[in-house]
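K.L.:
Chains as they are written, first to last, in our numbering: chain W, 1 to 103; chain R, 1 to 140; chain G, 1 to 496.
Worth double-checking, as some hints may not be accurate.
Quick list of in silico lysine-lysine cross-link-like pairs, PhoX-like style, CA-CA up to 25 Å [said to hold, decoys possible]: (1) G/K463 <-> G/K38; (2) G/K102 <-> R/K112; (3) W/K88 <-> R/K27; (4) G/K102 <-> W/K88; (5) G/K448 <-> G/K365; (6) R/K112 <-> G/K38; (7) R/K27 <-> R/K38; (8) R/K112 <-> G/K37; (9) G/K35 <-> R/K112; (10) G/K488 <-> G/K442; (11) W/K28 <-> W/K88; (12) G/K102 <-> G/K365; (13) G/K365 <-> G/K488; (14) G/K442 <-> G/K463.
Among chain R residues calculated to face chain G with C-beta under 8 Å, some are [said to hold, decoys possible]: (15) V101; (16) I104; (17) Y108; (18) R111; (19) G113.
Stretches of chain G that chain W covers, calculated by requiring three or more beta carbons in the stretch to come under 8 Å of a beta carbon on chain W [unchecked claim]: (20) 74-83; (21) 155-162; (22) 167-176; (23) 187-201.
Source of the hints: derived by calculation from the structure; they are not laboratory data.
Because the structure is a prediction, the values reported are computed rather than measured.
Glycine included, each C-beta is placed from N, C-alpha and C at the ideal position.
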Amino acid sequence: MLQVGLQHFLIVSSILFALGIYGIVTRKNAIMVLMGIELMLNSANINFVAFARYGNFGLHGQIYALFVIILAAAEAAIALAIVLNLYKTFAKINVDEVNNLKE
Amino acid sequence: MLTEFGKIFIFILVAILFVLIAFVMAKLVRPSRPTYEKSTIYECGEEPIGSPWVQFNIRFYVVALIFLIFDVEIVLLFPWALSYQDYGFYGFAVGIIFLVVLGIGMAYEWRKGDLEWARPKIQVPVLNNLIKRSEVKSES
Amino acid sequence: MDMTNLSELVGLLTPEISVSLFLVAIVIFDLIFNKDKKILPFIALAGVAVTLFFVVSQYGEIAEPIKSGMITVDKFGLYFKVLILISTVFVIFFTLSSDEIKASADRLGEYYTLMFGMMLGMFMLVTATDLILIYLSLELLSLSSYVLAGFTKLRSRSSEAALKYILYGAVSSGLMLFGISLIYGLTGSTNLYAINDYLLSSNGNVVILALASVMIFAGIGYKISAAPFHFWTPDVYEGAPITITAYLSVASKAAGFAMLVRILYIGYVSVSDATGHWTVIEAFDWQMLLIVISIFTMTLGNFTALWQDNLKRMLAYSSIAHAGYLLLGVLVLSNQGLIAVLIYFFFYMLMNLGAFYIVMLIANKTGSENINEYDGLGYTSPFLGVALTICLISLTGLPPTAGFIGKLYIFIALVDAKMIAVAVIALLNSVVSLYYYVRVLKHMFLTKATETTPVVKASSFEKIVLLALVIPILVFGVYFEPIINFAKNSLAGFGL
Numbered sequence: 001m002l003q004v005g006l007q008h009f010l011i012v013s014s015i016l017f018a019l020g021i022y023g024i025v026t027r028k029n030a031i032m033v034l035m036g037i038e039l040m041l042n043s044a045n046i047n048f049v050a051f052a053r054y055g056n057f058g059l060h061g062q063i064y065a066l067f068v069i070i071l072a073a074a075e076a077a078i079a080l081a082i083v084l085n086l087y088k089t090f091a092k093i094n095v096d097e098v099n100n101l102k103e
Numbered sequence: 001m002l003t004e005f006g007k008i009f010i011f012i013l014v015a016i017l018f019v020l021i022a023f024v025m026a027k028l029v030r031p032s033r034p035t036y037e038k039s040t041i042y043e044c045g046e047e048p049i050g051s052p053w054v055q056f057n058i059r060f061y062v063v064a065l066i067f068l069i070f071d072v073e074i075v076l077l078f079p080w081a082l083s084y085q086d087y088g089f090y091g092f093a094v095g096i097i098f099l100v101v102l103g104i105g106m107a108y109e110w111r112k113g114d115l116e117w118a119r120p121k122i123q124v125p126v127l128n129n130l131i132k133r134s135e136v137k138s139e140s
Numbered sequence: 001m002d003m004t005n006l007s008e009l010v011g012l013l014t015p016e017i018s019v020s021l022f023l024v025a026i027v028i029f030d031l032i033f034n035k036d037k038k039i040l041p042f043i044a045l046a047g048v049a050v051t052l053f054f055v056v057s058q059y060g061e062i063a064e065p066i067k068s069g070m071i072t073v074d075k076f077g078l079y080f081k082v083l084i085l086i087s088t089v090f091v092i093f094f095t096l097s098s099d100e101i102k103a104s105a106d107r108l109g110e111y112y113t114l115m116f117g118m119m120l121g122m123f124m125l126v127t128a129t130d131l132i133l134i135y136l137s138l139e140l141l142s143l144s145s146y147v148l149a150g151f152t153k154l155r156s157r158s159s160e161a162a163l164k165y166i167l168y169g170a171v172s173s174g175l176m177l178f179g180i181s182l183i184y185g186l187t188g189s190t191n192l193y194a195i196n197d198y199l200l201s202s203n204g205n206v207v208i209l210a211l212a213s214v215m216i217f218a219g220i221g222y223k224i225s226a227a228p229f230h231f232w233t234p235d236v237y238e239g240a241p242i243t244i245t246a247y248l249s250v251a252s253k254a255a256g257f258a259m260l261v262r263i264l265y266i267g268y269v270s271v272s273d274a275t276g277h278w279t280v281i282e283a284f285d286w287q288m289l290l291i292v293i294s295i296f297t298m299t300l301g302n303f304t305a306l307w308q309d310n311l312k313r314m315l316a317y318s319s320i321a322h323a324g325y326l327l328l329g330v331l332v333l334s335n336q337g338l339i340a341v342l343i344y345f346f347f348y349m350l351m352n353l354g355a356f357y358i359v360m361l362i363a364n365k366t367g368s369e370n371i372n373e374y375d376g377l378g379y380t381s382p383f384l385g386v387a388l389t390i391c392l393i394s395l396t397g398l399p400p401t402a403g404f405i406g407k408l409y410i411f412i413a414l415v416d417a418k419m420i421a422v423a424v425i426a427l428l429n430s431v432v433s434l435y436y437y438v439r440v441l442k443h444m445f446l447t448k449a450t451e452t453t454p455v456v457k458a459s460s461f462e463k464i465v466l467l468a469l470v471i472p473i474l475v476f477g478v479y480f481e482p483i484i485n486f487a488k489n490s491l492a493g494f495g496l
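Turn these sequences into a full structure, and let the hints guide you.
P.N.:
Written out as structure tokens, the structure is:
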């Protein structure tokens with residue numbers, strides 16, 4: 001009989017985290033890299049909420065998750081604005097193509 | 001004996017099967033006689049113009065960004081709304097300060113013109129090679 | 001938490017509140033007087049002055065560290081706040097004579113707002129003793145600096161710098177957050193004191209602890225540009241406006257080091273004896289990790305700087321190398337080492353700001369930072385040439401300058417901790433660094449001036465700002481007692 005416990009949440013969060021890292025490393029499109037970053041942040045969120053629930057640490061973990069959600073949105077907004085700005089100058093958003101700064 | 005997740009699993013299974021059976025049955029029963037008219041995209045009976053894969057206007061994007069920020073900031077108000085009464089005037093003041101700062105941000109965007117839905121300038125066609133009335137008259 | 005507690009907390013946070021109020025004031029002023037950009041720098045300077053007043057008066061009042069919830073107000077943090085404020089003043093002065101910023105003067109309001117945002121982030125960062133508050137203030141600092149790095153929209157390299165900065169920054173702060181969530185699960189708290197109590201009382205899962213700690217270090221290492229996380233540094237330093245580069249290399253790095261010292265010396269130490277020596281917790285030996293990272297950082301920074309032709313890029317690698325030296329002061333596990341870090345940072349601020357200022361003045365004239373533009377500059381513009389010479393000699397760490405005193409204290413701390421091998425490596429690195437600093441001097445004084453060599457006439461305001469940076473470098477090179485006492489005084493009472 002299956003009881004959903006802390007382990008299952010941790011497995012989900014580590015899968016999300018690994019997917020995020022994979023996306024960051026393999027994707028060249030800046031938007032895709034940003035999506036990977038979002039996955040990483042949300043995996044940490046799952047951890048916070050799951051630990052708070054199953055470790056009986058009080059409500060702190062859930063509040064942290066709220067903070068992280070807001071930060072993630074702010075970060076995404078700024079990142080997208082920067083990507084937009086970059087697109088206006090270079091007309092491309094692939095990370096490896098935008099590479100003028102080299103010695 | 002099923003766990004809670006077991007029930008959900010059965011539910012998912014039934015949902016998938018339902019769709020699959022419907023599609024397979026339809027495929028077997030229906031006649032297939034495609035014509036050009038039938039396989040084009042349906043746009044309320046009109047003939048489609050251009051590709052559906054167009055880039056959206058950049059102005060949508062700025063408005064979406066602004067919306068995103070303000071939308072998410074509101075999340076912070078939920079825990080505050082549940083507990084500000086426990087902290088008396090300080091608790092209330094904290095929330096008000098937060099809202100005032102948000103309001104200043106909004107005013108900033110307004111003043112800087114990011115909320116304006118700037119319409120593209122309509123290009124009035126300019127006619128250069130008009131034959132003047134006087135010239136026409138003199139010829140005749 | 002009752003009312004008295006809250007009002008007490010407000011009293012502890014006066015510097016931060018002052019910064020926030022002036023941030024809002026700048027925004028509102030920019031909204032109402034949209035056309036008048038001349039007054040903005042003065043509001044910013046007034047903000048810095050008022051905040052400095054609060055910081056100094058707090059410094060006088062506080063004897064013991066005051067722990068209150070997520071923050072700890074102590075002299076250690078206030079020392080870093082003073083550093084941040086001084087560098088902010090200089091960066092505002094730099095901005096007044098920067099052509100890059102003048103080109104986008106209509107957005108000057110945003111520039112100062114974001115600068116105050118960075119300052120607020122740094123202030124919270126040096127005060128916070130709770131991992132989640134550390135993360136939040138780190139993000140506040142980073143988000144403001146991402147935008148500032150891409151401030152001059154006109155130049156393509158600026159937006160490229162911003163993109164690289166935000167991608168690397170977001171990844172490493174994401175790693176840090178995941179590490180924090182693991183620590184939270186392991187210890188049940190994000191407060192550094194509580195984490196320390198837990199780590200001392202029970203042996204948790206050592207592997208998870210090490211993994212989480214390394215992840216947290218990724219976030220810090222990115223902020224101080226230590227070796228495996230330094231990739232953004234040269235590109236961002238080159239692409240960002242020079243005023244912001246100077247700010248990033250000094251203030252942002254100072255805040256990063258304060259955060260590092262707080263996390264390690266509160267969370268991850270077990271004993272501090274009366275002589276000011278510390279012991280690492282058994283579960284995670286971060287001293288070894290830092291030794292490796294520090295040696296790697298300074299070697300990489302110094303050797304890569306050797307073949308840089310762009311002066312901004314060279315200074316970026318040099319700042320990576322300096323982060324390596326500063327890490328040495330952190331890892332010796334003694335109060336002496338921490339004092340050395342504080343002293344070094346004060347002198348590093350002066351010389352680095354001076355070097356970037358001169359590079360900016362020359363770039364204003366020529367539009368580039370290439371080393372060939374400096375051919376014979378010592379003869380065409382002797383004032384700038386001599387000032388740059390003093391800054392570079394100080395960055396190398398040669399005797400009559402302040403940089404020497406800073407390095408000396410770090411080496412003394414290393415030798416006292418019996419880490420002779422590490423000290424020798426650091427010394428060899430300094431010798432290597434001599435080469436690329438002197439290379440600039442060679443271009444300035446031993447190469448004949450060509451037709452393209454600019455004649456840079458500094459205005460009297462620029463001369464005064466430059467003298468305010470260069471004269472202390474020389475003075476503190478011989479009369480360094482006050483800074484040493486200041487640093488020692490600031491570290492009194494630091495710790496558990």
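K.L.:
Determine for every hint whether it applies to the structure shown.
P.N.:
Here's how the hints hold up against the structure:
Distance hint between G/K463 and G/K38 is fulfilled; the C-alpha atoms sit about 21 Å from each other, no more than 25 Å. Only pairs whose Cα atoms come within 25 Å are accepted, and G/K102 paired with R/K112 is accepted, the gap being roughly 19 Å. Of the supplied pair hints, the one linking W/K88 and R/K27 is violated, its CA atoms being roughly 48 Å apart against a limit of 25 Å. Restraint check: the Cα-Cα separation between G/K102 and W/K88 comes to about 22 Å, which is no more than 25 Å; the hinted pair holds.
Taken as a hint, the G/K448 and G/K365 pair is honoured in the structure, with Cα atoms around 19 Å apart against an allowance of 25 Å. For the hint pairing R/K112 with G/K38, the CA-to-CA distance comes to about 18 Å; that is within 25 Å, so the pair holds. Proximity of R/K27 to R/K38 is assessed by CA-CA distance (about 17 Å); at most 25 Å being required, the pair is judged to hold. For the proposed pair R/K112 and G/K37, the alpha carbon gap of about 15 Å is at most 25 Å, so the pair holds.
Distance restraint check for G/K35 and R/K112: the Cα-Cα separation of roughly 12 Å lies within the 25 Å cut-off, and the hinted pair is therefore satisfied. For the proposed pair G/K488 and G/K442, the alpha carbon gap of about 38 Å is over 25 Å, so the pair is violated. Taken as a hint, the W/K28 and W/K88 pair is honoured in the structure, with Cα atoms around 18 Å apart against an allowance of 25 Å. Between G/K102 and G/K365, the direct Cα distance comes to roughly 14 Å. Compliance with the 25 Å bound is thereby established for this hinted pair.
For the suggested pair G/K365 and G/K488, the alpha carbons sit about 42 Å apart, so the restraint of at most 25 Å is broken. For the suggested pair G/K442 and G/K463, the alpha carbons sit about 23 Å apart, so the restraint of at most 25 Å is met. Annotation: R/V101 was flagged as interfacial toward chain G, and the flag holds, the nearest CB pair being 7 Å apart, inside 8 Å. Checking R/I104 against chain G by beta carbon gives a least distance of about 6 Å; that is within 8 Å, so the hint holds.
The interface hint given for R/Y108 holds, since its Cβ lies 6 Å from the closest Cβ of chain G, which is under the 8 Å cut-off. Of the supplied interface hints, the one on R/R111 holds, with its beta-carbon coming within about 5 Å of a beta-carbon of chain G, less than 8 Å. Taking 8 Å as the C-beta contact cut-off toward chain G, the hint placing R/G113 at the interface is violated, the least distance being around 11 Å. Restraint check on the segment 74-83 of chain G versus chain W: 0 residues with Cβ-Cβ distances below 8 Å, three needed, restraint violated.
Requiring three or more residues with a Cβ within less than 8 Å of a Cβ of chain W, the coverage given for the segment 155-162 of chain G holds, as 6 such residues are present. Look at the segment 167-176 of chain G against chain W: 5 of its residues bring a Cβ nearer than 8 Å to a Cβ of that chain, three or more, so the hint holds. Counting residues of the segment 187-201 of chain G whose C-beta lies closer than 8 Å to any C-beta of chain W gives 3; at least three are required, and the coverage claim holds.
Hint violations for this structure: numbers 3, 10, 13, 19 and 20, all remaining hints satisfied.
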